[in-house]
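S.K.: We have chain W; now place chain B with the ligands onto it with these hints.
Here the protein sequences line up with chains W and B, keeping their order.
Numbered per the working numbering, the first sequence spans residues 1 to 301.
Numbered per the working numbering, the second sequence spans residues 302 to 685.
Just so you know, the hints here were simulated from the structure itself, not pulled from any lab data.
Be aware that a few hints might be false.
[Said to hold, decoys possible] Sample of chain B residues facing chain W (criterion: CB under 8 Å; computed from the structure):
1) Cys350
2) Val355
3) Ala364
4) Leu366
5) Ala368
6) Glu389
7) Asn393
8) Leu499
9) Thr512
Since we're looking at a predicted model, the values are computed, not measured.
All C-beta atoms, glycine included, are put in the ideal place defined by N, C-alpha and C.
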Amino acid sequence: MENEACELFDSGHRACGGCGAALASRLILKAAGKDVIVVSATGCLEVFSTPYPETAWKVPWVHSLFENNSAVASGIEASLKRQGRKEKVIAIGGDGATFDIGILCLSGAFERGHDFTYICYDNEAYMNTGIQRSGATPYDASTTTTPAGRCSYGNPRPKKDMPAILAAHGSPYIATTSIAYPRDMIEKVKRAIETQGPTYVQVHAPCCTGWGFEGEKTVAIAKLALETGLFVSYEMVDGSVVKVKKVLRKPVEEYLSTQRRFRHLFKPKRNDAEIAKIQAIADRNAEKFGIDIKLKKPAAE
Amino acid sequence: MMEITEGSHAVAHAVKLCRPQVIAAYPITPQTHIVEALAGMAADGEIDCEYITVESEFSALSACLGASAAGSRVYSATTSQGLALMFEVCFNVAGLRLPVVMTIANRALGAPLSIWNDQQDSISLRDSGWLQFYAEDNQEAADLHYLAYRVAEDHRVLLPAFVCFDGFVLSHTYEPVNVASQEEIDRFLPPFQPPQRLDSKDPISMGMYATPEYYMEFRYETDAAMHRANAVIQEAGMAFDEIFGRNYCGLTESYRLDDAETVFIAMGSICGTVKDAIDQMRDEGEKVGLLRIRCFRPFPLEEVRAALRNAAVVAVLDRNISLGSRGAVVLEVRDALYGSGVKVLGYIIGLGGRDVTKADIRKVAQLAKSGEGDLFYGLRREVL
Ligand SMILES: Cc1ncc(C[n+]2csc(CCOP(=O)(O)OP(=O)(O)O)c2C)c(N)n1
Ligand SMILES: [Mg+2]
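Bound conformation, chain B alone:
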């Protein structure tokens, strides 16, 4: 059923259909509408869950950790400063192999304080062991939650997942979204069946202390699970396609890529603008295309390598920066294309909510063609 709905409400509705048993979250702009909507559903008995009104994001994720360890499906949502406050817990949840799903309404990190969109928050947790999905629009933002739970809880994976969607740009925007029925989601997403849980009938110890003889193997196994997730995501994407007719079979999406010489790489809502700009440039005879990264962790190295094989130049749009180095995505892409001879250029763009227009994308294409890159795009030099 199609509904015109705010992004946050589309996400909240999707979360409800996933039947979380425990929700713990703390308000922060621009994520707040999601947790308010879920609180409303809980108050009306539309969702059968324990809703914990924690005193901080740190406790939100800690409570989710406990609830998941005791065998419940759990949910949280946050962004920016809230996610930064969860940093320590994020690593812990992944190390404990608990399939917590959390929405990130992507927002810049202070200082200076900014409530506007970029992807620095979730990107800064790229090494924490969470799967990371990035939505282009609100349909995908909703759908990725179903996918995320299914993949995270798969016994071959057992890792937590971020579903990232751009703050304000998506979270506060009304778009038509095809809303799934409970029956469809129940068919796609089986109930959570943890292989182990805290249970007095079968006591186990979780979160023990590991000496150097054991620690590395724990890390290896978690990394191996992350790599196994690649195939599990594709499998879940195909199952999703069968029920819903929307295709998430790959970890990336190709747009007009076949004969493209200049290829953009980006994540999130900016890709809509990139696609429009590509259509314009194609009309003018430019061979341009887009490879959209939908899943950043695990990073789809092989998929990226195969898709970019015939490109002349790759322009990576990073809405984040690893200060003192480059954008996080361009580093991954360069690694994927190492030795291939394909030129990869990085552009730091749209930080802290700076608007990115079709004209900007066209300019980046020109820069890339002329070999100019590895720069901050669109700096206002007059205020430096």
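In isolation and in its complexed conformation, chain W is listed as follows:
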């Protein structure tokens, strides 16, 4: 395996200070090493990492369009196979590219069984175009297309379950992870790349600009997402969940209150009913994945 001290995602790119996607890219390349070809979708990462004539990518990299990175990756994989080359192929896309506009190409590539790894850095909205909702935007988050207002609590729909959709394609390895847990993320990306066939890693990657928090809090907020059960870190092998990160769960408002996108739930008046609905989402996650660490003695009776 490559030396993880090696930096293949260069500094000096144009990301915001505290960008979760930039950190994700750095970790992805630490896991992947040099012998890869990366296909990026249009989005923040592509734009901030390759302002011509500069590039942050020290591995071969190509960007075509917003919605076709999986199809481009299919072609690269076939091309390498025909030439007898051994590089691994990684497609990277934001949540918009992955959950929404690129799902046709993604579904096709997974169904055909190409040997490649798809990594979604999930910042839960279209950030590059100015914070519009996507299918990955959580319930009640205020975005520029689902703004909170007199008749709106923000995004009216819960997040789409993308890993389950890809598991239904028969993918041999699917994982969720977070930039807050670099060791976990690197292990999962490595395992995804090493597994033959189409594999998927969804990386929770907070966006300070889009979510509304100070850039130095990115990792702390990513941790809170996991600790509240709003984000679950797990691995699926051949469609079954095999490993889940357990937590001593905190109430969701500890996470929600740190971000401007949920401010309307607390100001001008606390909205207990909506906060309870979000707590219910976390509770369902906890039950479905069994993330709660059961203490020997219950904390309170």
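M.R.: What follows is chain B with the ligands alone, placed relative to chain W:
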């Protein structure tokens, strides 16, 4: 070796001889027979390629883009709605300077839905940066693939190419075609040697983001490559002639043009009918001729200008229309002849598979002589 074969199979066979390493295509009438034939060859091990059965034309061309960027010779084929679905990728492939070759079995675009022939599909992508060749018959349809790969992959060009042939009229018609041998094609078409490719031994970034300080220069260079292709096509045409004895040295073909007063301009299979009509009219003493456009992109401006210098009137047959303006070909021809005093008239004809006969061509000649043009020819006014 002469073989009586269906147009689609002649094309598929030509593609096989070009040794594509990756094929990605999606079925659509009337292109389907080509990709079925290639799938059959792949299944029998007659062609050594990766054949990707994509879920859409959008992915077909996207996969070709990736495969080409990684250094393989690639192939796709489509038409009409499929090409329209590829619109965004087409511009991207050209901007990335990837020499993808794609057959277009020309078909009308909906609505209303039509599976029949005209050239609206490829013409609508005239600004996308793809070379565009139009075949008159199936021999030429096959041959243009060899030519297209050689020109597209030439380092002076590095642009993708459409080889267009009329849906059904050619794709589903059996004609005698002189089939080349692998040895001959290998002599004419060297293996693909990309100047750059995605390779972990020599990492590059492709498809970056360009600010206003850089974008225009990219466009300029792509346009310059398109213009350079003109000479490269002629050069390849001459090399082809030497091996095969079939002449594609120009981007146009002249038919009985020398002393012609009324000159037709057209592209594709309709030219066969035009030539027959010209023979008839010549027998009757009419001075008529044809300038066939074989390559629409790059547009052979100088060739057209020189060929039409002595014409009295030029009748351009367009199997497409830029709605709200005119046919695409007549606009180009008028531009080429600007200031020459030669009269240029346009006729929108044969859209959506409407048959065009010798009698129609003779009528157009009469209209042109009497100065009547810039019209839809053969409208059924009773259904309007
Ligand atoms: C076909 C197409 N539609 C829309 C856009 C505009 N666009 C570019 S990036 C983007 C959003 C990207 O969102 P995501 O994939 O989540 O990545 P992020 O910017 O959040 O990192 C949009 C809408 C485009 N480039 N192409
Ligand atoms: Mg996003």
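S.K.: Decide, hint by hint, whether the structure agrees.
M.R.: Verification of the supplied hints:
no., hint, in the structure
1, Cys350, "holds (7 Å)"
2, Val355, "holds (6 Å)"
3, Ala364, "holds (3 Å)"
4, Leu366, "holds (6 Å)"
5, Ala368, "holds (4 Å)"
6, Glu389, "holds (6 Å)"
7, Asn393, "holds (5 Å)"
8, Leu499, "holds (4 Å)"
9, Thr512, "holds (7 Å)"
No hint from the list above goes unmet by this structure.
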